[in-house]
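There are 2 protein chains.
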Amino acid sequence: MPAQRITATYRIETAYPLDEAVETMAGEQSTGTFVRLPGETDEMRALYGAHVERLTELETVEAPSLPGAGVPKGAGDRPVWRRAEVVLSWSPDNFGVSLPNLVATVAGNLFELRPFSGLRLLDIGLPEAFAEKYPGPRFGVAGTRRLAGVERRPLIGTIVKPSVGMGPEATAELVRVLCDAGIDFIKDDELQADGPHCPFEARARAVMRVIDACAERTGRKVMFAFNITGDLDEMRRRHDLVVELGGTCVMASLNSVGVVGMVELGRFSQLPIHAHRNGWGYLSRAPELGWSYVAWQKIWRLAGADHMHVNGLQNKFCEPDESVIASARACLTPMFEGKPCTVMPVFSSGQSARQAAGTYAALGSADLIFAAGGGIMGHPDGPAAGVGALRDAWEAALAS
Amino acid sequence: MPAQRITATYRIETAYPLDEAVETMAGEQSTGTFVRLPGETDEMRALYGAHVERLTELETVEAPSLPGAGVPKGAGDRPVWRRAEVVLSWSPDNFGVSLPNLVATVAGNLFELRPFSGLRLLDIGLPEAFAEKYPGPRFGVAGTRRLAGVERRPLIGTIVKPSVGMGPEATAELVRVLCDAGIDFIKDDELQADGPHCPFEARARAVMRVIDACAERTGRKVMFAFNITGDLDEMRRRHDLVVELGGTCVMASLNSVGVVGMVELGRFSQLPIHAHRNGWGYLSRAPELGWSYVAWQKIWRLAGADHMHVNGLQNKFCEPDESVIASARACLTPMFEGKPCTVMPVFSSGQSARQAAGTYAALGSADLIFAAGGGIMGHPDGPAAGVGALRDAWEAALAS
Chain G
1 MPAQRITATY RIETAYPLDE AVETMAGEQS TGTFVRLPGE TDEMRALYGA
51 HVERLTELET VEAPSLPGAG VPKGAGDRPV WRRAEVVLSW SPDNFGVSLP
101 NLVATVAGNL FELRPFSGLR LLDIGLPEAF AEKYPGPRFG VAGTRRLAGV
151 ERRPLIGTIV KPSVGMGPEA TAELVRVLCD AGIDFIKDDE LQADGPHCPF
201 EARARAVMRV IDACAERTGR KVMFAFNITG DLDEMRRRHD LVVELGGTCV
251 MASLNSVGVV GMVELGRFSQ LPIHAHRNGW GYLSRAPELG WSYVAWQKIW
301 RLAGADHMHV NGLQNKFCEP DESVIASARA CLTPMFEGKP CTVMPVFSSG
351 QSARQAAGTY AALGSADLIF AAGGGIMGHP DGPAAGVGAL RDAWEAALAS
Chain H
1 MPAQRITATY RIETAYPLDE AVETMAGEQS TGTFVRLPGE TDEMRALYGA
51 HVERLTELET VEAPSLPGAG VPKGAGDRPV WRRAEVVLSW SPDNFGVSLP
101 NLVATVAGNL FELRPFSGLR LLDIGLPEAF AEKYPGPRFG VAGTRRLAGV
151 ERRPLIGTIV KPSVGMGPEA TAELVRVLCD AGIDFIKDDE LQADGPHCPF
201 EARARAVMRV IDACAERTGR KVMFAFNITG DLDEMRRRHD LVVELGGTCV
251 MASLNSVGVV GMVELGRFSQ LPIHAHRNGW GYLSRAPELG WSYVAWQKIW
301 RLAGADHMHV NGLQNKFCEP DESVIASARA CLTPMFEGKP CTVMPVFSSG
351 QSARQAAGTY AALGSADLIF AAGGGIMGHP DGPAAGVGAL RDAWEAALAS
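Heads up: the protein sequence lines correspond to chains G and H, in order.
Here the numbering used here is used: the first residue of the first sequence is 1, the next is one more, and so on.
Here the numbering used here is used: the first residue of the second sequence is 1, the next is one more, and so on.
Rather than coming from a laboratory, the hints here were simulated on the basis of the structure.
Accuracy of the hints is not assured; some may be wrong.
One copy or two, either will do: identical chains are not told apart, so a pair holds if it fits within one copy or between any two.
To be verified - The calculated SDA-like cross-link candidates involving lysine to any residue, where the alpha carbons are at most 25 Å apart (straight line), are:
{"id": "1", "residue 1": "Lys73", "residue 2": "Cys318"}
{"id": "2", "residue 1": "Lys133", "residue 2": "Gly338"}
{"id": "3", "residue 1": "Lys316", "residue 2": "Asp77"}
{"id": "4", "residue 1": "Lys316", "residue 2": "Glu85"}
{"id": "5", "residue 1": "Lys73", "residue 2": "Glu59"}
{"id": "6", "residue 1": "Lys339", "residue 2": "Gly70"}
{"id": "7", "residue 1": "Lys133", "residue 2": "Arg209"}
{"id": "8", "residue 1": "Lys133", "residue 2": "Asp233"}
{"id": "9", "residue 1": "Lys316", "residue 2": "Glu288"}
{"id": "10", "residue 1": "Lys316", "residue 2": "Glu28"}
{"id": "11", "residue 1": "Lys339", "residue 2": "Arg329"}
{"id": "12", "residue 1": "Lys73", "residue 2": "Ser89"}
Using the sequences and the accompanying hints, generate a full structural model.
Next comes the structure, spelled out in structure tokens:
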């Protein structure tokens, strides 16, 4: 497949003949509409039509996975629903080198097409021109390790909880306990933003005072991901304040900010961007609809995310372990030859010392942030013992 | 329910006791995590905890709608999956008046919570403070009618097709035919952006030359929605060019641009914003997951959208008619007492004269854009007859 074309891989489910269904997808997302138009010449189709690069038939199912799908005439009242994997490709000349317009093409008006009772975007492939235009992660794994002063092993992290309700001083007091415990990384909860009881500026100042005091003692600055999610002017102002205060990380909720906002943040940020995926469930939880994480995370890496949430093994949500590991592997897989855009996967949700060995065995890398809540603050011998236990578990995993 | 609180209505499905499941939602999206934390005081919960305002039990189902949901101990191997409608509310003090942070709260880490085999956001309610902070539609129904020179009846519109492949001059030639036919409104396809074969600037200049020439003859300027979707600097530049050329509308793909980008566009746009919902299928097509349009469209109206796509009756996608009408009604329902934020619903997909009467009967309003493709360009007596037939059908509907 020529590397200069945009590709997208889908899993589809349809009662129509597969080649016919796939031509509908290709037509709808390029030159055509549902039917061939008078103005749609052969030359136009050759240049700008989406190509079907591969079509692999998979299993059949007895009932449609999603409602509303059409059934071809003559299929009777018990049609066969076929699944297949299909790769489409587009010329980048269709819309120019643009992440927002890429999304409208590979993930636009497809999911509602009537022939399909299932349509999920599994992966995307982008020409080098995208790497030239978009910033990608400025810090990634190496820059994060340098700022956090952590080599070789994962960054041991945690989240400020309760999610909301604590004021700046209470937050700073918790941060002091965590710094004293030897933590590497702390993040705001995604529900914590800039409310009147815990204004961003007061929180950032209080937290950085504690972190600076700790850094003076230890020579190592704990990385705190301040949630700067907000309107663009607010994100800029909060980012600038964190830079001014000597902070080393900002956080943004991807589904709240969106592609255009994240591209802007990626362009102006002087700090690693900790990308939170809250809302990911509505994009992914129906197995035959939406986005796979493998496709989705590429958009945000190119926009400039440095850390990407991937959930964790034996997590408290409903995602199976193999899906978590596939997501984390994707974050560490280079996107372009000259610009890998690799980012640190962030493991969280119910994580403790008991998942360290399994995570390392499955991922084969220690380039990750390992965030635990109860495993640290809830440790019977106190937070320092909690951080110590996590470090020990990772040292043991790395040594094995 | 106090108007100063943020509310969100969900349909849920769970094998757990309903009150327990709902407390998990409320806790996870406010002060708590999955379990009550040591730092989570009663005072904190009272002030910042999400309240369960209403819980209405609905039907039970025999199998979970989504995979991965947990089952309570003792439920046996055939648990009952209960559905319910639940209203949660939050103090706006939790995160400040902010659309992006609202999204992270009402549509964040909820959809993956293990107790739920279904979780769909049905509606949201916002305090007046949101109306004070965000622009809302600057033009809406009245401003669009004024710029398009169309009173009382729907704007009759169409889409430039083939979607991609035509250069600026071929596009302008099609626009000339449509202007001569008496059309009110034309839009770029969402796949058409700024590719090298049809650069935005050349297309806008060529199209506006034709529209201006027509306006000189007829005294009425056809509204053309130029697709300015792109990075922020690109959207600004394209918007400014359309203003400079005397154009009267810009278009953006909501799921490509995102909330922060749309808020920015809403703030700087001097023209009505035609909001395209491509990708809506992945947010909505699994019935027990994701977003209802009623909830979703409120975000974009407040950000500044003036026209919102709602699909059409007997459309070529897989959405039923009652869902289309519910979406259109939502667009015309005021959001705030002092700031209704009502927008023009855009009907499209397989629309022709035959849907006019049904659309009017179901909606009870002519404040809409009615976009037809084949019904105009494919009319046996030519495009002017096609536009005429659509106008006649709407006049008949309005008179009945």
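As a check of your reading, is Lys133 near Asp233 (CA-CA no more than 25 Å) within one copy, between copies, both or neither? Cα proximity of Lys133 and Asp233: in one copy and across copies (23 Å, 13 Å).
Give the relationship of Lys316 and Glu28 under a CA distance limit of 25 Å: within one copy only, between copies only, both, or neither. The answer is between: 12 Å across copies meets 25 Å, while 39 Å in one copy does not.
Are the CA atoms of Lys316 and Glu288 at most 25 Å apart within a copy, between copies, both, or neither? both (23 Å within a copy, 21 Å between copies)
Alpha-carbon proximity between Lys73 and Glu59, which holds within one copy, between copies, both or neither at 25 Å: Only inside one copy: Lys73 and Glu59 sit 22 Å apart there, 34 Å across copies, limit 25 Å.
25 Å Cα threshold - placement of Arg209 relative to Lys133: neither (38 Å within a copy, 32 Å between copies)
Could you place Lys339 and Arg329 in one of the four classes (within, between, both, neither) given a Cα distance threshold of 25 Å? Cα proximity of Lys339 and Arg329: one copy only (17 Å, versus 48 Å across).
Between Lys133 and Gly338, at a C-alpha cutoff of 25 Å, which is it: within one copy, between copies, both, or neither? The answer is within: 13 Å in one copy meets 25 Å, while 44 Å across copies does not.
Checking an output row: Lys316 and Glu85, CA cutoff 25 Å. Within, between, both or neither? between (31 Å within a copy, 23 Å between copies)
Within a copy, between copies, both or neither: where do Lys73 and Cys318 come within 25 Å Cα-Cα? between (39 Å within a copy, 16 Å between copies)
With identical chains treated as interchangeable, where does the CA-CA distance between Lys316 and Asp77 reach 25 Å or less: within a copy, between copies, both, or neither? between (41 Å within a copy, 21 Å between copies)
As a check of your reading, is Lys339 near Gly70 (CA-CA no more than 25 Å) within one copy, between copies, both or neither? neither (43 Å within a copy, 41 Å between copies)
Homo-oligomer pair classification [Ser89, Lys73; C-alpha up to 25 Å]: neither (29 Å within a copy, 48 Å between copies)
Violated hints for the displayed structure, listed by number in ascending order: 6, 7, 12.
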